[in-house]
Amino acid sequence: MIVTDDNILAEAERWTRGGRKVALATVVETWGSAPRPVGSHLVIDDEGNFLGSVSGGCVEGAVVTEALDVIEAGKPKMLEFGVADETAWKAGLSCGGRIKVYVEKVD
Amino acid sequence: MKLSLLATLNEERVARRAAIIITDVATGAQRFVRESELVSEPWASDPLSRTLADALRTGKSGMVDTPQGQAFLTVSVPPVRMIVTGAVHISQALAPMAKLAGFDVVIIDPRTAFATPERFPDVDLRPEWPDAVIPSLGFDRYTAFVALTHDPKIDDVALDLALKSDAFYVGALGSRKTHGKRVERLRAAGFDDNTIGRIRAPIGLNIGAVSPAEIAVSILAEAIGALRAERMAARAAKAA
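If you read the protein sequences in the order shown, they are chains L and V. Residue numbers for the first sequence follow the numbering used here, beginning at 1 and rising by one. Residue numbers for the second sequence follow the numbering used here, beginning at 1001 and rising by one.
Errors might be hidden in some of the hints.
[What the hints assert, rightly or not] The calculated label-pair distances, taken between Cβ atoms and stated as ranges, are:
#1 L:P37 with V:D1124: 56 to 64 Å
#2 V:N1194 with L:D46: 30 to 38 Å
#3 V:P1152 with L:D46: 57 to 65 Å
#4 L:G56 with V:T1058: 17 to 25 Å
[Said to hold, decoys possible] Below, in silico cross-link-like pairs of lysine to aspartate or glutamate (DMTMM-like), each with a Cα-Cα straight-line distance of 20 Å or less:
#5 L:K100 with V:D1024
#6 V:K1002 with L:D107
#7 L:K77 with V:D1065
#8 V:K1002 with L:E60
#9 V:K1002 with L:D46
#10 V:K1002 with L:E11
#11 V:K1060 with V:E1041
#12 L:K77 with V:D1024
#13 V:K1002 with L:E80
#14 L:K21 with L:D69
#15 V:K1060 with L:E29
#16 L:K100 with V:E1035
#17 L:K75 with V:E1118
#18 V:K1153 with V:D1122
[Stated by the list, open to error] From the structure, some residues in chain L lie toward chain V, with a derived Cβ separation under 8 Å:
#19 A10
#20 A12
#21 E13
#22 T16
#23 T26
#24 E29
#25 V38
#26 L51
#27 P76
#28 M78
#29 L79
#30 Y102
#31 E104
The hints are simulated quantities; they were obtained by calculation from the structure and are not laboratory data. This one's a predicted model, so the numbers in the text were calculated from it and none came from an experiment. Ideal Cβ placement from N, Cα and C applies to all residues, glycine included.
Given only the sequences and the hints, what does the whole structure look like? Please build it.
Below, the structure is given as structure tokens:
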């Protein structure tokens, strides 16, 4: 199924009501050529399942890992990604932009 | 985010009402604001109400500075919808394409021989007269209306309602001659030329479409163009 950002929020609610521990990631700022616009969502559960897209696939893996921490700790986190380079970002955007992603637990 | 907040947001979406979640990104604290609440206290006199109203108008989420620090606005506007009169060949192609592009699609046709589930699998199909269905659907500024029956008895009833609404796109199938007659009927019904001018006719972008599927592409492209008109104008202004 192709999911839009609208039904991601419906899915986040459904997953949570179904007893899964869930985090919601949202693109809150972008600079340069970012793959997904501000407001794009990713919903992640505590088993690492996810739906949606915050970067068209570039940094989803890293966001999912961080989301597991957020689900565990319950505290929201702000993540930032830029072009992948050894020193700054392990996961990065090949397109050259920079994005900020806010990850929060649904509870 | 509290589950109750997420649930409220989803309820508002289903009810086709715009709303915003304001998230204090430093603390994670959140507030929920319905569009209808911006006109009454305490929001009416709040310095942030203008920013919130602008965000709702453009439908864009984004970061804003508030006296309490940086906040993220999750802007939720109703899903775009395409209401079509005519369970015809073009709408058979248009419905799945519009769905893929993110439109909720409703097809209305009182001719039950046309409006069959076999011809329109997985489509919200209403085998009724437009005036029986449309008031309950409610045309709003997130709705596109497409008239495809070629039958004034059916299309005109719906066009009348569409032209009295904020629908962001109104298109009607028909040759220039057919449309000329339609304009005369609408004038006789009391519509002024400005209002009648909202109707895209001939319908669809001029891409030389021939087959029903090609015509469906041209209609969908024109409707998306209308939906994104503000974004296109902003880009054009930047380029100039």
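So, going through the hints one by one against the coordinates:
Distance hint check for L:P37 and V:D1124: the Cβ-Cβ separation is about 28 Å, which falls outside the suggested range of 56 to 64 Å. In this structure, V:N1194 and L:D46 break the distance hint of 30 to 38 Å, their C-beta atoms being roughly 57 Å apart. One distance hint, 57 to 65 Å for the beta-carbon pair V:P1152 and L:D46, holds here, with the actual separation near 58 Å. At about 23 Å, the beta-carbon gap between L:G56 and V:T1058 stays in the expected band of 17 to 25 Å.
The suggested pairing of L:K100 with V:D1024 holds, with an alpha-carbon distance near 15 Å, which does not exceed 20 Å. Taking the CA atoms of V:K1002 and L:D107, the gap is near 5 Å; set against the 20 Å cutoff, the hint holds. Under the criterion of a C-alpha separation no larger than 20 Å, the hint pairing L:K77 with V:D1065 is consistent with the structure, at around 19 Å. For a cut-off of 20 Å, the pair hint linking V:K1002 to L:E60 is broken: about 23 Å separates their Cα positions.
For a cut-off of 20 Å, the pair hint linking V:K1002 to L:D46 stands: about 17 Å separates their Cα positions. The hinted pair formed by V:K1002 and L:E11 meets the criterion: a straight-line CA distance of about 15 Å does not exceed 20 Å. Restraint check for V:K1060 and V:E1041: the C-alpha separation of about 24 Å exceeds 20 Å, so the hint is violated. Proximity of L:K77 to V:D1024 is assessed by CA-CA distance (about 12 Å); at most 20 Å being required, the pair is judged to hold.
Between V:K1002 and L:E80, the direct Cα distance comes to roughly 24 Å. Violation of the 20 Å bound is thereby established for this hinted pair. Of the pairs offered as hints, the one joining L:K21 and L:D69 holds, with about 12 Å between alpha carbons and a cut-off of 20 Å not exceeded. Note on V:K1060 and L:E29: the hinted pairing holds, with a Cα-Cα distance of about 12 Å set against a maximum of 20 Å. Taking the CA atoms of L:K100 and V:E1035, the gap is near 27 Å; set against the 20 Å cutoff, the hint is violated.
Taking the CA atoms of L:K75 and V:E1118, the gap is about 50 Å. The hint is violated against a cut of 20 Å. Between V:K1153 and V:D1122 the alpha-carbon distance is near 27 Å, which puts this suggested pair outside the 20 Å criterion. With its C-beta approaching chain V no nearer than about 5 Å, L:A10 sits inside the 8 Å limit, and its interface hint holds. This hint holds: L:A12 has a C-beta 6 Å from the nearest C-beta of chain V, less than the 8 Å allowed.
About 5 Å separates the beta-carbon of L:E13 from the nearest beta-carbon of chain V, less than 8 Å, and the hint is met. Against a cut-off of 8 Å between C-beta atoms, the interface hint on L:T16 holds, since the closest Cβ of chain V lies about 5 Å away. Restraint check, L:T26 versus chain V: the minimum CB separation of about 7 Å is within 8 Å; hint holds. With a least beta-carbon distance of about 5 Å to chain V, the hint placing L:E29 at the interface is held under the 8 Å criterion.
The interface hint given for L:V38 is met, as the beta carbon of that residue sits about 5 Å from the closest beta carbon of chain V, less than 8 Å. The criterion of a C-beta within 8 Å of any C-beta in chain V is not met by L:L51, whose closest approach is roughly 14 Å, and the hint is violated. Here the hint on L:P76 is kept, as its CB sits about 4 Å from the closest CB of chain V, short of 8 Å. Interface restraint check for L:M78: the shortest CB-CB distance to chain V comes to about 6 Å, inside 8 Å, so the restraint holds.
Because the beta carbon of L:L79 sits about 12 Å from the nearest beta carbon in chain V, more than 8 Å, this interface hint is broken. Taking 8 Å as the C-beta contact cut-off toward chain V, the hint placing L:Y102 at the interface holds, the least distance being around 6 Å. Annotation: L:E104 was flagged as interfacial toward chain V, and the flag holds, the nearest CB pair being 5 Å apart, inside 8 Å.
Taken one by one, the earlier hints fail for this structure at numbers 1, 2, 8, 11, 13, 16, 17, 18, 26, 29, listed in ascending order.
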